[in-house]
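Visitor: Residues per chain are reported as follows:
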Amino acid sequence: MTSIDEFRARARAWLEQHAKPFDEAAGFDLEGGSVPLEESKRFQKALWEAGFAGITWPKEYGGQGLGAAELIAFNEEAADFELPTGPFTIGLGMPGPTILELGTEEQKRRYLPPLLRGDEIWCQLFSEPGAGSDVASLQTTATRTETGWLINGQKVWTSGAQFSDFGAIIARTDPTVAKHRGITMFIVDMRHPGVTVRPLVVATGHAPFNEVFFDDVEVPADAVIGEVGEGWGAAVVMLRNERVTIGAGGRARSNPLGFDSLAELARARGLDTDPAVRRRLAVLYARESALGAYGRVLHEETTAGLQIGARGSAAKLAGAELALWAADLAQDILGADLALGAADLERVVMAIVAAPGGAVAGGTNEIQRNIVGERVLGLAKDPGVDRNTPFDQLKLSR
Amino acid sequence: MSLIFTDDQKSLAETIRRFVAQRTPLPKVREVIGGDLAYDPEVWSRLAGDLGLAGLTIPEEYGGAGATQADLSAALRELGAGLVPSPLVACVLTAGALLALDDEEARRDLLPRIAEGGLVAAPAVSEPGDRRWIPAEPVTTATGSGDEVTLSGTKVAVLNGAEADVLLVQARGPHGTGLYLVRSPADGLTVRRDPGVDPTRGSATVTFDGTPARHLAGDAVAALDHVADLANLALASEQCGAMLACLTMTTEYAKVRYAFGQPIGAYQGVKHRLADMYVLWALSDAALREATRAADEEPEKLGAAAAAARTLTSPGYLTAAKDTMLLHGGIGFTWEHDAHFYYKNAIAGNVLAGDADYQQDRLAGKLGL
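Chains A and B are the protein sequences, given in the same order.
The numbers in UniProt numbering rise by one with no breaks, and the one at position 75 of the first sequence is 75.
The numbers in UniProt numbering rise by one with no breaks, and the one at position 174 of the second sequence is 174.
FYI, nobody ran anything at the bench for these hints, they're computed from the structure.
Where hints are given, some of them may not hold.
Below are the DMTMM-like pairs computed for lysine to aspartate or glutamate, each with C-alpha atoms no more than 25 Å apart in a straight line [unchecked claim]:
hint, chain 1, residue 1, chain 2, residue 2
1, B, K301, A, D382
2, B, K301, A, E76
3, B, K255, A, D382
4, B, K344, B, D130
5, B, K255, A, E374
6, B, K366, A, E76
7, A, K381, B, E252
What you are looking at is a predicted structure, and each value in this text was computed from that prediction instead of being measured.
Using the sequences plus the hints, can you model the full thing?
Guide: Right under this line is the structure:
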């Protein structure tokens, strides 16, 4: 047995003893809070103590100091189980790796071990009401004080802000230079009295995100991640990690808009023999299985040490388009049943309502098309009329 | 279990790509299809013989190389990208049918000659008035028995029917649907080349009138079902290659063509369409990799996987070829530009060996719907 096989076997044994088997039929956790926070923290701590948290992170910051092969082995084994680690996903996937890459020695020693141990939870604060697709036009300000910085402004679409201890925030530190150049990234204490968190209710009626308000929130000078004025570069590092985080996603719950579900829905209505419905279901299968294969191709290439570049954006775009297409098919299969609102249709109806969200969250389809066009195909960048204009002379949404 | 190309596949693809660039680039293809021949016999002889494509997936015991469907697919992508006219697909399908049947004598006789490129063979299945590629109840009939069998009927859209030395004909015989071997020329055999929309692909209408034939032993229905899978793999492979050629050509143009002071690729009206073309290609490419993987490792999944790949690739290629013309603007609509050859190839390829409805119905059936 190789050391990878041993590691895999050890992970499997530990998961079998400590985690619940994956339940494909379980409902979606639309609020992100169905598992008690204390249980998540206990589980994360146990995971760390067993040597399965921060698998590829250096030992001096609480990690295991192992390679990508061990991480992949663990993720593959973990896909068969329910890991109640949701509140740590953001911290471990985005601010954590960014601090690891750009943080000071003090920051790494202070923040990474408690994150891995499950003691501290993190959120990420980028989007603003006036800065969505164009995040670099953000208007939250950080102004210098004698001892550090004073943050004022509003962030939006923040997952987990209500239970976070720290946040990674980007704010404008110099409005007199071009928008990409006057931004700095900070570590902010989410327990500061100037921080107000309000749930953000979305179209489905659920509140998976928050709005966060900053009123004179002080942060010390050593809260800067990377360099002052280099926050956009730090944000790009973090977003790159976001795509890896999303791309690494384990096993999918049975999708209410997936082929299996919609074929069953059609069967229950005697529509599986209807030629038009049958053909659309066949196309759904073809698109769904191709997207799965595309994900496996990217995964295999990553494992083989090849660069997948921005192709994750193509997968994201294809997935969002497929969900919208499948939502149309689901509506046509349900027909007038949609108006009845029966209890057994709640999941599929909710998925139909939620489908547009996937085409907006994490970068709209239009932004993904820009990314695919520019970074995969190498086309010229958008004319970008504001690229060299000082931020304080730009027209902005408020 | 891998979906990424092996070193052998990469090297085969590179060899074919170089051969296409040197021996049969698009200006050369124009010359060939402007003439009387469906393909350049010299190019075919090199492809079949030196490069070994005709016998690539034929087992070694019958004179082939015993390579995988994934290997063949890698080569077909390059031929599709160059719109290279050749009877390779017709030969591959016929060889596949012979291997799926149970007629050792026919295998020993035909497969080695197909493998060396000395024999062009084509399946003849579609019939006039029946929109399905493989008719469930063929009107073409076989009468007589033993050495005295003759065929009567008409087959349409026979790939390289005019160039074929042997035809594998589906017909209704005394014991149900069977496959019959006809050697060309033969008594009562009339072959007429179709003036089809795609000049890079030769097809013919073939009429049998008391034509001598030999019945092939084996389950014809199962063999033809397998041929449909092989056709889906082959066409999806060619189309995936052609789609990538369209994407590459149009992307390059969008980088060098200026309008309003910018390369046109800077504008979202162009950029987003190219991004969509990329996604269409990427999904088709992934579906094809999965289908060839199934062919080589999980044959029970081939039917659905091949139909799924074809369901995406043929309409996807049509969209890509159409957008290639549109995004090139005026020049893309000229005879001088190559875009119209891809467009015509895509139009024909979308209905060849089963149109979109046929493929979707086939896929639904394979999925148990």
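Visitor: Now, for every hint given, state plainly whether the structure supports it.
Guide: Verification of the hints:
1. B:K301 - A:D382: violated, 44 Å
2. B:K301 - A:E76: holds, 23 Å
3. B:K255 - A:D382: holds, 12 Å
4. B:K344 - B:D130: holds, 23 Å
5. B:K255 - A:E374: The given pair, whose Cα atoms are some 11 Å apart, holds under the 25 Å limit.
6. B:K366 - A:E76: Not OK: K366 of chain B and E76 of chain A at ~29 Å, beyond 25 Å, violated.
7. A:K381 - B:E252: holds, 15 Å
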